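Guided by the hints, dock chain B onto chain A, whose structure is given.
Residue numbers (our numbering), protein chains in the order written: chain A, 1 to 271; chain B, 1001 to 1362.
No lab work stands behind these hints, which were simulated from the structure alone.
Owing to the predicted nature of the structure, the values given are computational and were not obtained by experimental measurement.
Mixed in with the good hints, there may be bad ones.
What the hints assert, rightly or not - Short, incomplete list of chain A residues facing chain B, as computed with Cβ under 8 Å: (1) Thr-55; (2) Asp-58; (3) Tyr-178; (4) Tyr-197; (5) Leu-198; (6) Ala-258.
Stated by the list, open to error - List time: in silico DSS-like cross-link candidates among lysine-lysine, alpha-carbon distance up to 27 Å: (7) B/Lys-1212 <-> B/Lys-1119; (8) B/Lys-1285 <-> B/Lys-1267; (9) B/Lys-1358 <-> B/Lys-1022; (10) A/Lys-152 <-> A/Lys-200; (11) A/Lys-170 <-> A/Lys-200; (12) A/Lys-152 <-> B/Lys-1139; (13) A/Lys-262 <-> B/Lys-1358; (14) B/Lys-1285 <-> B/Lys-1022; (15) B/Lys-1139 <-> B/Lys-1178; (16) B/Lys-1285 <-> A/Lys-200; (17) B/Lys-1358 <-> A/Lys-53; (18) B/Lys-1178 <-> B/Lys-1022.
Cβ coordinates follow ideal geometry from the N, Cα and C atoms, glycine included.
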Amino acid sequence: MKALTFSLLAEPEERLDLSGLAPASLAGLTALQIARLRVGTGRDPVLAGDVFKITGKDADSVIIEGSSSRLDRVGSGLGGGSIRVTGNVGHQAGRSMSGGSLHIEGNAGDHAGSGMIGGRIEIRGNAADNAGAPLAGEIIGMQGGILIIRGKAGNYAGDRLRRGTIAILKGCGDYAGYRMIAGTIVVTGGVGAMPGYLMKRGSLLFDRHPEHLVPTFMPCGQPDIAFSGLFDRFLIDENIMTRPLLGQRPGRYGGDNAVSGKGEVLFRRGR
Amino acid sequence: MSVAWIGSQPVSLMDAIRNAAKLLASSRCPVFTLDTDVHGTRSAIALAERLRGAYDHRMGEVLAREIALYSNSGGMFTTPGEARRRSGLIVLVGEIPAAHHDLLQAWAASQPDLGDRGKRTWFHIHGEAGVTKLARQLKAVALGAEDLSLSGALAVLRAELQGRQAGVSLANTAQLRKALARSRFPVFVFSGDSGDAPSLAMLQGLVADLNKTGRASSVFLPADDDAWGAALTSLWMTGFPPRTGFSNSLPSYDPVRWDVQRMIRDKEADLHVWVSARGCETPPKGGKVTVICLSCTEAPAAGAAVTIAVGKAGVDHDGVAYSSRVGTFHAIAATAPSLLPSVCSIVQQLAGALPGRKALPC
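Only chain A is shown next, with the shape it has when bound in the complex (with noise of 0.2 Å):
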């Protein structure tokens, strides 16, 4: 059976929320039922017939076609089934995200993958501030599940975790890590400034030595640990990176003190 497939025809003039397009809430609808289902935010809303064209059935396999910023929430509660976006999409990709996957080709804006508490998001362009971070009022952010950015990230990736891995592959803006309770980041490139502020526990994994660390990490010697290995061989089993991101024996920072201290950066030496 052909994969459910919206195929974007125009760029929206509002933005569009796209929760409602999941595997779980399609399943067993019309196409009839499909085409009504709302998505506009605007005064008048728009209806999902109005600026996609709908074709095949198969509602545990969807696939968006097309690109748009003003695509938001996409993949919003997504428990099972697979979303695949071949463009951009707008704020709160995967928000809340419990299984499944989703895989976005372009951009993503801000707010992607927060609140996850499974499965898997790969986006392989950019994503803007605040990847894997609570919204405002919220004191939790992702609590499991993998957020793959294989391009760069903004601000404050990665703010509140509490469980899980983010991966960032071409390096990320300021305050990673901020306000980390426990899980890990990744990232290589170029790290912003202050990663790890606030931080509580949990680990912060970059293939150089950070170059803005907050004063309050401590350096802590190479510790001859079995985690790099092990962490370094999840990371190509799950096809996120291609060669080890720590090697052995990495640089190691202890922090932040400012906090309970508990939190740690480790660093692949030599670079």
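The following block gives chain B in isolation, referenced to the frame of chain A:
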């Protein structure tokens, strides 16, 4: 003197209202930028709700940072009056807006009469910008280090006060530690302009740490009193601060999505209602949206489809505004009463001219 214009042509107020109402009724996504007194803010929010639009404050960026401290981190706050009467140790954090300098200088000229006794001691935590002019005037002891940002300085100070290691040390931390031990109610004074959101969160963590062994608090002096007043008014009306939208008729707060300047830049909004009855500013040029301008102006705003001159609260008519000095709203009497209409009355007329002709609740 004309008070209403369509384009650059002077018209009667009723014609301008009718024209503006037509634009509002036909708009797909109206957005409001507010900078007015409490009554004006309330009526504009009520109109935004009716039109399923969104609203922001003219100082939305700094206001969002101040709000983020409350919504994302929380903190321990006291009023300026309590700080003045109880605290013998004041720690200034970063740059304090000039509007609050008189208040702090008045504190410096007085002594606490409850809690702490004797002359007040001042400290100043600074970042790369160095010691501020106000801190020098108050003879505050500097806490900082060369090339260290304010967020870095606050992190180091917090670690040092807990006896933990840091990669650099701040000047005069030992002196602060002694002063903290002596004071019964140390107070940290900061503003939304003092630092970025993480710095403010770190500061509140530091205050919370001090409260494990004694008492300490902070005084928040808004970057702009009226903007903070608009935030409180908005909270009162909708449960959310500015950068709230009503796309599905219920209010939703999203500081990214409802950032009105971003919405105009990204061409999501098609109508911009610019309300500036305080600074009398005209809407920023360059946008391609239709503009309705309510401003204390004597000439039509360049590029606006409709301009209506309004009076200033506290000058042309009485009003209510927020004062950080007293920590609440206060009445302001007109100093030069005039016949210029208030923002509230114009917005009510706009609502009355919309299809359905329903009056606003406020």
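Right, here's what the structure says about each hint:
For A/Thr-55, the interface hint is violated, since its Cβ never comes within 8 Å of a Cβ in chain B; the closest pair sits about 28 Å apart. The interface hint given for A/Asp-58 is broken, as the beta carbon of that residue sits about 30 Å from the closest beta carbon of chain B, more than 8 Å. A cut of 8 Å between beta carbons decides the hint on A/Tyr-178: the least distance to chain B is about 6 Å, and the hint holds. Using the Cβ-Cβ criterion of 8 Å, the hint placing A/Tyr-197 at the interface with chain B is satisfied: the shortest such distance is roughly 5 Å.
Because the closest C-beta pair between A/Leu-198 and chain B is about 6 Å apart, less than 8 Å, the hint holds. The criterion of a C-beta within 8 Å of any C-beta in chain B is met by A/Ala-258, whose closest approach is roughly 4 Å, and the hint holds. Among the hinted pairs, B/Lys-1212 with B/Lys-1119 is consistent with the structure: their alpha-carbon atoms are about 26 Å apart, no more than 27 Å. At roughly 14 Å between alpha-carbon atoms, B/Lys-1285 and B/Lys-1267 fall within 27 Å of each other, so this suggested pair holds.
Distance restraint check for B/Lys-1358 and B/Lys-1022: the Cα-Cα separation of roughly 15 Å lies within the 27 Å cut-off, and the hinted pair is therefore satisfied. For the proposed pair A/Lys-152 and A/Lys-200, the alpha carbon gap of about 25 Å is at most 27 Å, so the pair holds. For a cut-off of 27 Å, the pair hint linking A/Lys-170 to A/Lys-200 stands: about 25 Å separates their Cα positions. A distance of roughly 45 Å separates the Cα atoms of A/Lys-152 and B/Lys-1139; the hinted pair therefore is violated under the 27 Å criterion.
A hinted pair counts as satisfied when its Cα atoms are at most 27 Å apart, and A/Lys-262 with B/Lys-1358 does not qualify at roughly 59 Å. In summary, the hint linking B/Lys-1285 to B/Lys-1022 is supported, as the alpha carbons are separated by about 23 Å, within the 27 Å threshold. The suggested pairing of B/Lys-1139 with B/Lys-1178 holds, with an alpha-carbon distance near 17 Å, which does not exceed 27 Å. A distance of roughly 45 Å separates the Cα atoms of B/Lys-1285 and A/Lys-200; the hinted pair therefore is violated under the 27 Å criterion.
As the CA atoms of B/Lys-1358 and A/Lys-53 are separated by approximately 40 Å, the hinted pair breaks the 27 Å bound. Taken as a hint, the B/Lys-1178 and B/Lys-1022 pair is broken in the structure, with Cα atoms around 66 Å apart against an allowance of 27 Å.
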